[in-house]
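Novice: Chain residues, written in single-letter form:
Protein chains: 2
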Amino acid sequence: MLKIIVDAMGGDNSPSVNVKGTVKAVNQIKDLQIVLVGDESKLTPLLAQEKYDASRLEVLHACEVISCNDKPTEAIKTKKDSSMSRSFELLRTDTEARALVSLGSTGALLAGTVLRVGRIKGVKRPAFCPILPTMIAGNIVGICDSGANVDCDPVYLQQFAVMGSLYLNKAYGVNAPRVALLNIGAEEEKGDALRKETYQLLKNTDGINFVGNMEARDLLSGDVDLVVCDGFSGNILLKSTEGACLELMRLLKKSMMSSFKSKMGALLIKDKMYEVKDMMDYNNYGGAVLLGAAKTVIKGHGSSKEEAVYQCILQAYNMEANNLCQAIAQEIAQATAAPQSPAAE
Amino acid sequence: MLKIIVDAMGGDNSPSVNVKGTVKAVNQIKDLQIVLVGDESKLTPLLAQEKYDASRLEVLHACEVISCNDKPTEAIKTKKDSSMSRSFELLRTDTEARALVSLGSTGALLAGTVLRVGRIKGVKRPAFCPILPTMIAGNIVGICDSGANVDCDPVYLQQFAVMGSLYLNKAYGVNAPRVALLNIGAEEEKGDALRKETYQLLKNTDGINFVGNMEARDLLSGDVDLVVCDGFSGNILLKSTEGACLELMRLLKKSMMSSFKSKMGALLIKDKMYEVKDMMDYNNYGGAVLLGAAKTVIKGHGSSKEEAVYQCILQAYNMEANNLCQAIAQEIAQATAAPQSPAAE
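Top line first, the protein sequences correspond to chains A and B. Note that this note's numbering has the first sequence beginning at 1, numbered continuously upward. Note that this note's numbering has the second sequence beginning at 1001, numbered continuously upward.
Incorrect hints may have been included.
So, partial list: chain B residues that the calculated Cβ filter (under 7 Å) puts toward chain A [to be verified]:
1) Gly1147
2) Lys1170
3) Ile1184
4) Ala1186
5) Lys1203
6) Leu1248
Pair by pair, the computed Cβ-Cβ distance ranges are [to be verified]:
7) Asp281(A) - Tyr1274(B): 24 to 30 Å
8) Gly1118(B) - Ala333(A): 49 to 55 Å
9) Gly118(A) - Lys1270(B): 53 to 59 Å
Just so you know, these hints were derived from the structure itself, not from any lab. A virtual CB, placed ideally from N, CA and C, is assigned to each residue, including glycine.
Whole structure, please, built from the sequences with the hints as guidance.
Specialist: Here it is, written out as structure tokens:
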């Protein structure tokens, strides 16, 4: 049995999608044990409508909720009876609990991880690594860090590269992930001091497949598996890409509805549009894992639906089934030791 | 007469599109005088095929070309007979020459501006300000800085806000442009030290219409007229947005060509797709102006076509007809003086 904790109250559509996604996971994955944390008076009636193996799904009561308006660190410290605080408490104390999935406040999840779970030995900073679909069917790209660390030094970025590579390999089966450094030009000497130093460090890091700088316009090209960046520019990269795709789809739809002829055309291409929309839908790609945390923590999109919750749980399961945290601990010890020794150059 | 210099050799499709776009500008704008700088042996036969008022278009010979592989500062200093160096030399020495338009190397154009043209008094750093169409027809958004300055301090960003506001007003007629600070969250306290300090500075800057932080996903929403950012994150914002739109259009096209039914549909919506493509096409929006330079310098997209060259020249013409450089000089003197006086708070 592999035990995963699910925060039932986080997200825009909680707790209904959280419950449904969790039930799906319990039904699909036979050696999965779930603790669903949240308001019992709301969860019990929802669970009563579902069919599942009750021996593998228990509820832990928590009557409060941490919202996105709460100050993250303060909320984790003071809202002791919130679903997120209780989830972290359980993750910390229950040695059998392997992972936490939440759709709640990103800041609070980060604060809770740092305060209650801690980092893997040797990891300087945990980092978010969301996955996006590229324009090549079935192909994905990870962005690390996408927002946990606004200020970074080269060693943080080196660790993001090591952790992200292991993650793509263990959770998604990507062989020797191609790692690129997000920069404002392809040439080695481009960018600010952070980029120049990081470039040299990545070039000399064993165990990663570093392919050089990548410009933001190539994110979805499928040429790169993992983009390494500080959390500020990673957040800009992730959100502008999401925003542009959403706005463009909206514009196309509006434009097609503006004449009789194009409406007829829209009917004929509807299936293909849905295919593309589905391909781009983050609900199918799980959440952003917080790499470097001592236990697996996954942040799902706030507007996730049932399928996204299920995908997040599946992702946590795959990571833990492949012992990602242990693998990170080993690699980090090796990679960060290497540059200190001149013989490694 | 308003005299503008056009670098005939920069860009992927030079000199043919440069010549055609220039001729269009001369034919459309009656008080425009152009100096086309480049290899006479190539320009003369191209010009011979066109109809225009020859008294308002002269050629200045320059036999070399600065490529994107040249080191920017070195190229400006050593390739004296390149079209770009000659253009800058003319812009510097000819008091009647008001502006330069080039599709050539961004780095060299920046280096040439700094070395040969200089800054407006009081301006700390010149900054690129490209314009993107938003998803609302006829509406645009500027990004300042999009790549000239990878390292910035709050006063630079304050100046980008002042200069960009004047630019949108003078060159595009935007009334009281809504200025936002690019950040990783909407709340005032979000971001790194640079963002927090800049937020306070912008809030207290007279003469700009500061509307707070903006997340990258809202760039194309039409809610903001000018996004202020350091050149590194501005470059990520610009290029990831361009890249996502291009990749998505490519994917949709491929998807629609994959079945007979959707091919029929594609025929019916073709016009609308072209409308959207046209709306998004940077060829219709001119180039990225280098705000803060002592004279107007415009960088067109390297892959510009004839229409884009024309739009860049028109843009330079509009800026100069409205005396943008003088307006910037005045506002910068006032805005940067204000925060030093405690009475202004």
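Novice: Checked against the structure, which of the hints given earlier come out wrong?
Specialist: Hints 2, 4, 5 not satisfied by this model.
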